[in-house]
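Participant: Given only the sequences and the hints, what does the whole structure look like? Please build it.
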Amino acid sequence: MFTALFNYWVVIVLMMAGLYIVMASGHLVKKIIGLNIFQTSVFILFISMGKVAGGTAPILKDGISVFSNPLPHVLILTAIVVGVATTALGLAIAVRIYEEYGTVEEDDIAEMDNHDQDLDIAEYQRIESGK
Amino acid sequence: MINMVLLMLLLASVYAIIRLDRLLTAVLLTSLFSVLVASIFMVLDAVDVAFTEAAVGAGVSTIFFLAALAIVGRQCKPTPRRKIIAPLIVVSATGCVLLYASLDMPRFGEPLAPVHQHVAPRYLNDSAAEVGPPNIVTSVLASYRGYDTFGEVGVVFTAFIGVLMLLGAGTRRTSIEPPTPTGAPKESMRKKVVLKEVADLVIAPVLIFALYVQWHGDFGPGGGFQAGVIFASGIFLYALIYGIEPAQRLLPPRRLAYFPAIGLLLYAAVGIISMLRGGNFLNYSVLVNDPLHGQHYGILAIELGVGITVAAVMINIFFSFSERSL
Amino acid sequence: MALLLDIVSWITLMIGSFFCITAGVGLLRMPDVYTRAHAGGMIDSMGAGMIFFGLLLQAPDYLIAIKLVFTFFFLLVTSLASIHALAQTVNVAGVNPKLANIVNRLEKNRQKESPPSN
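The listed protein sequences correspond, in order, to chains A, B and C.
Take the first sequence: its position 28, counted from the start at 1, is 25 in the numbering used here, and no numbers get skipped.
To convert, take the position in the second sequence, counting from 1, and add 420; that gives the numbering used here.
To convert, take the position in the third sequence, counting from 1, and add 611; that gives the numbering used here.
Please keep in mind that the hints were generated in silico from the structure rather than gathered at the bench.
Every residue, glycine too, gets a C-beta built ideally from N, C-alpha and C.
Among the hints, erroneous ones may be present.
[As the list claims (entries may be wrong)] Here are the simulated distance ranges between beta carbons: (1) B:Arg542 with C:Ile622: 54 to 60 Å; (2) C:Ser693 with B:Tyr435: 23 to 29 Å; (3) C:Arg640 with B:Ala521: 39 to 45 Å; (4) C:Arg640 with B:Asn545: 51 to 57 Å; (5) B:Val708 with C:Leu668: 43 to 49 Å; (6) C:Leu667 with B:Leu448: 30 to 36 Å; (7) B:Ala521 with A:Ala50: 19 to 25 Å; (8) B:Tyr520 with C:Gly705: 20 to 26 Å; (9) C:Met625 with B:Lys616: 36 to 42 Å; (10) B:Arg442 with C:Lys723: 37 to 43 Å; (11) C:Pro708 with B:Leu448: 19 to 25 Å; (12) C:Val706 with B:Met421: 39 to 45 Å.
[Said to hold, decoys possible] Below, in silico cross-link-like pairs of lysine-lysine (BS3-like), each with a Cα-Cα straight-line distance of 30 Å or less: (13) C:Lys709 with C:Lys723; (14) C:Lys723 with B:Lys616; (15) C:Lys719 with C:Lys709; (16) C:Lys678 with A:Lys58; (17) C:Lys709 with B:Lys612.
[Unchecked claim] Selected chain B positions facing chain A (in silico; Cβ < 7 Å): (18) Leu427; (19) Ile438; (20) Leu443; (21) Ala466; (22) Asp468; (23) Ala488; (24) Pro507; (25) Leu518; (26) Phe528; (27) Val535.
Facilitator: Shown next, in the form of structure tokens:
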């Protein structure tokens, strides 16, 4: 029981750790690190499911008859490369946000946005009352 | 057993990543995390995946994170205590539900699990006669599930277009000197004698190894995805040691930006040719008279397309980031 | 012959593992960056070397042996270079070895205790 499900439990803990980082941390780059950990946990889940006891890597060779399942390997192999491309996209967005706001802390960005909106509302009210 | 030890190390490194507010250390720990994950994949028989994870996670993605940190700063604010509670509750609740669900999972390594019953037996038993390459992962990736892979390359291409639109293609002219590590006088890293010698020693073998991985993917672990990433990391090494400018003279970003499209179009062209020859899209058996030879040529061609796209995308994204941090 | 090879490779593997564990302890217990870098260098120079030698004795054919030699070569070159870069950067950033501070302090103390006699 313990050894049979240990991989899945570790996957769940990793997944929740990633989710926790995404929710608790205010720094956008740290959030992306959290997303990466979440993503990796899914990779481990798939590869764990593909393992066959006593099997070897799915490369045909004389004298070997038990192979692990190649299908999860294919799915995850492409997913890893897609993952790094999307990570780069996320980081690019973070960089652009930094160039606009001067910070990538979520709270600071929200505060600046709210401040801008307050100014807008004040301006609007001034125009309204002036009419 | 090794598996369990590695998984425990994984948990320890993730705990450290959660606690750290110094992002540079967190990113380096993420790199360690990737190496551990690659070792776990190795133990679980997924050699191709381990290869990819080691090249991508420990190499390329760490470089991207470091490039981003060089722009946005290394320190993040510690999470205030009031913001910890709600995520903790949500995470524990979800975790408990998932743990309960995991009890219904097939046992680890069980040969009779549903995942091994559906299409996997056909791949394992018939791929040698239907497709040819001894590496089943390659034949599934390139031939049986060629549509999937086409889509994935498309996603990589789309992500590249996104980065290009956000950051530019790495063509911005700057007169600013490249940055040196904090607190370091410029003189010290300018010399870098040892690093330059080692880079000279290593870069050429890295690039050749990338080509080996590209063409040997039918027989051993490897293929276009891994080869592209390894090739890109060789170029990164060059750019990191000798500076961005020589690397950009070597591979002008404006021209390099066409290559992701060229790779993707090469992939699509193989599909179109197989359609013109009377087969389905991406059915390589009709490419030449002998179906097995056709499969072999088709796989080589699309792996080349994948390799070109991935390498060009990674190098271009690196250029885009690095010119912003100047 | 096969038994002898097995015994030798086991012994070298054990010695290699011992050096790796020593290096790990060193990384945790050493006082400053420089001594830690030294401990980290230990992994490559002795630990990995011994382990690769042990594996080399177990290699079934020449191709795998050559691959092992190549791997060891690149591991040696790259990680020692990275340790060098780390120590160099830290040195340039102005961090003194702790041992140097201790030596300085001892010298100052000695000077205080025995004022120049003239």
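Participant: Does each hint hold? Answer for all of them.
Facilitator: Hint by hint, here is what the structure shows:
The hinted range of 54 to 60 Å is not satisfied by B:Arg542 and C:Ile622, whose Cβ atoms lie roughly 47 Å apart. Against the hinted window of 23 to 29 Å, the Cβ-Cβ separation of C:Ser693 and B:Tyr435 comes to about 25 Å, which satisfies the hint. Here the CB-CB span from C:Arg640 to B:Ala521 is close to 43 Å, well matched to the stated 39 to 45 Å. Range check, C:Arg640 to B:Asn545: about 54 Å between beta-carbon atoms, so the 51 to 57 Å window is met.
Under the hint 43 to 49 Å, the C-beta atoms of B:Val708 and C:Leu668, about 46 Å apart, fit the expected range. Checked against the given bound of 30 to 36 Å, the beta carbons of C:Leu667 and B:Leu448, roughly 31 Å apart, stay inside it. Between B:Ala521 and A:Ala50 the C-beta distance comes to about 22 Å, which sits within the given range of 19 to 25 Å. The hinted range of 20 to 26 Å is not satisfied by B:Tyr520 and C:Gly705, whose Cβ atoms lie roughly 55 Å apart.
The beta-carbon spacing between C:Met625 and B:Lys616, approximately 38 Å, falls within the hinted interval of 36 to 42 Å. For B:Arg442 and C:Lys723, the Cβ-Cβ distance of about 39 Å falls inside the hinted range of 37 to 43 Å, so the restraint holds. Restraint check, C:Pro708 to B:Leu448: a C-beta distance of roughly 22 Å satisfies the suggested window 19 to 25 Å. Look at C:Val706 against B:Met421: about 40 Å separates their beta carbons, and that is inside 39 to 45 Å.
At most 30 Å may separate the alpha-carbon atoms for a hinted pair to count; C:Lys709 and C:Lys723 meet this at roughly 21 Å. Taking the CA atoms of C:Lys723 and B:Lys616, the gap is about 46 Å. The hint is violated against a cut of 30 Å. For the hint pairing C:Lys719 with C:Lys709, the CA-to-CA distance comes to about 15 Å; that is within 30 Å, so the pair holds. Of the pairs offered as hints, the one joining C:Lys678 and A:Lys58 holds, with about 19 Å between alpha carbons and a cut-off of 30 Å not exceeded.
At roughly 25 Å between alpha-carbon atoms, C:Lys709 and B:Lys612 fall within 30 Å of each other, so this suggested pair holds. For B:Leu427, the shortest C-beta to C-beta distance to chain A is roughly 4 Å, which falls under 7 Å, so the interface hint holds. For B:Ile438, the interface hint holds, since its Cβ comes within 7 Å of a Cβ in chain A; the closest pair sits about 6 Å apart. The beta carbon of B:Leu443 is positioned within 7 Å of a beta carbon in chain A (closest approach about 6 Å), and the interface hint is therefore held.
Checking B:Ala466 against chain A: minimum C-beta separation of about 5 Å stays under 7 Å; hint holds. Interface restraint check: B:Asp468 against chain A, minimum CB-CB distance 5 Å, threshold 7 Å, status holds. Proximity of B:Ala488 to chain A holds as hinted, the smallest CB-CB distance being about 4 Å (cut-off 7 Å). Hint status for B:Pro507: holds, given a least beta-carbon distance of 4 Å to chain A, under 7 Å.
For B:Leu518, the interface hint holds, since its Cβ comes within 7 Å of a Cβ in chain A; the closest pair sits about 5 Å apart. Among the interface hints, the one on B:Phe528 holds; its C-beta lies about 5 Å from the nearest C-beta in chain A, closer than the 7 Å criterion. Interface hint at B:Val535: satisfied, since its Cβ lies 5 Å from the closest Cβ of chain A, which is below the 7 Å cut-off.
Of the numbered hints stated above, those contradicted by the structure are hints 1, 8, 14, listed in ascending order.
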